[in-house]
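**Student:** The lines below spell out each chain.
Number of protein chains: 2
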Amino acid sequence: MYATVMHGPGDVRYEQVDDPKILKPTDAIIQLSATCICGSDLWPYRGASPIEQPMHMGHEYCGVVVEVGSEVRTVRPGQFVVGSFCLSDNTCPHCRSGFQSSCRQREFMSGAQAPYARVPLADGTLVATEEMPDDAMIPHMLAVSDVLGTGWYGAWAADVREGSTVVVVGDGAVGLLAVLAARQMGAERIIAMSRHETRSQLAREFGATDIVTERGEDGIARILDMTDGIGAESVVEAVGTKEAMQQAMGVCRPGGAIGYVGVPHGVTLDGQDLFFRQQRMLGGPAPVRRFLPDLMDRVLQGRIQPGRVFDLTLPLAQVADGYKAMDERRAIKTLLTVA
Amino acid sequence: MYATVMHGPGDVRYEQVDDPKILKPTDAIIQLSATCICGSDLWPYRGASPIEQPMHMGHEYCGVVVEVGSEVRTVRPGQFVVGSFCLSDNTCPHCRSGFQSSCRQREFMSGAQAPYARVPLADGTLVATEEMPDDAMIPHMLAVSDVLGTGWYGAWAADVREGSTVVVVGDGAVGLLAVLAARQMGAERIIAMSRHETRSQLAREFGATDIVTERGEDGIARILDMTDGIGAESVVEAVGTKEAMQQAMGVCRPGGAIGYVGVPHGVTLDGQDLFFRQQRMLGGPAPVRRFLPDLMDRVLQGRIQPGRVFDLTLPLAQVADGYKAMDERRAIKTLLTVA
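Chains A and B supply the protein sequences, listed in that same order.
Going left to right, the first sequence walks through residues 1 to 339 as UniProt numbering numbers them.
Going left to right, the second sequence walks through residues 1 to 339 as UniProt numbering numbers them.
One thing to keep in mind: the hints can contain errors.
As the list claims (entries may be wrong) - Only some residues are given here: those of chain A computed to face chain B with a beta carbon under 8 angstroms:
1. I230
2. P254
3. G271
4. F275
5. M281
Quick caveat, the hints were computed from the structure, so don't treat them as lab data.
In this text the structure is predicted, and so the values were computed from the model without any measurement.
For glycine and all other residues, C-beta sits at the position ideal for the given N, C-alpha and C.
Just need the whole structure built from these sequences, with the hints factored in.
**Tutor:** Here it is as structure tokens:
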């Protein structure tokens, strides 16, 4: 088959690769209904993460099971499934405590920007629907796999509750979906930091009550001003840069919580500064598997439409253009259709 | 009067100073029933914190009110009071959310290693008892002011609950009282990291179920081994060094919580490492004021005896010897009697 391989920064190719096959009895092979490009794929694309060998890209996925290994029990060929970008057995102590993204057998999904993909640990990773969803549901189901699940975890880690004041730093797909998550969790005030019109518009539609366009010290001052100098009790950091983390810390009140879901790059925290800020911190790759059944239900019931973050759709063969559009911030997130 | 002044590292003097007086209408003057030396007093004593001018030492205190400013309403001369080492108005939004140690008017207490001391923000800081406590209660009441309150906050920040497994890093007075706090909160297993016989003995008496004498990588391996490779869901870091923080992070399970109450010195955290460990972090100066009424009640009811951490008692005039004994780890904590 043809699939997506990154050979170096800025060098994404749609090229012939081996067909995926069952390697372990716990594997499944799925045919992708659609796939997409993640903001985190831009780290290596931009040279911010090393590329030691050609990388088979893609970790967000939904589709139809075509084959399962001999030990797979919970999914079967013909079923529509969504899985987490973190592969987990869902039985180890960390999984059982709801942190499947720290599963003892954890692997990260790869190779999903392709027509077919191998999903290791299928029983612990995939959730099947009862019926085959309509085509119109596919973008929303696909978004659950990572960006929605990650935004949701960010809001959960930031301890968002009924009536909370929440600040979301980052207007990428994860930040926008953290806004949606905060709204679903009952937040009263949701302040999105965004200076891009299409993104801030979507943030408003997802539930943001306020948009702050200022950044850095000005952005912090603006939000403190809006919150009577108190700051927010919940802050989601959905970027991963030093500047974003500083902004998050600058707007969180003492005793408040920061959920940080952007993979930190070049972020160093001073212990004494962190101590005197007295903010709760919880980050990490999102345990999407914990939230999957609930989030898939919300999508299927039409309560949420997370797939609205896809503002560019391309055929898989044009995946390189999709990376370029996201790198240049012409697109929030690129959906790739599989013929 | 004579009081304690630190002039430089290792240079503590009991010398003549001005008597404290009411400087603001919200102040109170107390006559100390007893006072003591804190582990954090050793940072400047050891040259690990700068001493820019002679420092009037002492921030742990209990005693009898002798004078109040014109605006003080909740305490009056003749009452026995305990206060937090963090001075707070107890009315600002941070105080009202239970984080009095981040009060907008926060000051840190000083000058309490003396017969008399000025307590600013008396209404928001001091809690009076109904009756004058017996002399035997004084060490326990004094301990509430900082070390017990700080150990208690550490256990609370580490989310200790009924049935928890808890690791306490640090066998100073705060660590030992974090053990006591964890026991009071219903922890099932409390592992104290200690290699000093008198300290580990006291840890056991306060409720530790296990003592681990190994440190560093060996200590981490030992605790992982004791917890089926899972780690603890609650970890209290009560030292403040890089090594102690690494130990705390090494034994906390993903999704678990680290309450860090040792003031960090030379601790730097790598954002990406923190992210992938997926541990909750909450530190800071303890909001002792939040816990004061409850902890004073527990002491007066005889349910806890936190003053057992005082294993050296000296007259205030010999305060310099008290510092020396703690610096050389001959004493856990020095109580200073006031004539």
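**Student:** Run every hint past the structure and note whether it holds.
**Tutor:** Each hint tested on the structure:
1. I230: holds, 5 angstroms
2. P254: Holds: closest Cβ of chain B sits about 3 angstroms from P254(A), inside 8 angstroms.
3. G271: holds, 3 angstroms
4. F275: With a closest approach of 4 angstroms, the F275(A) hint holds.
5. M281: holds, 4 angstroms
Of the hints listed earlier, there is not a single one the structure fails to meet.
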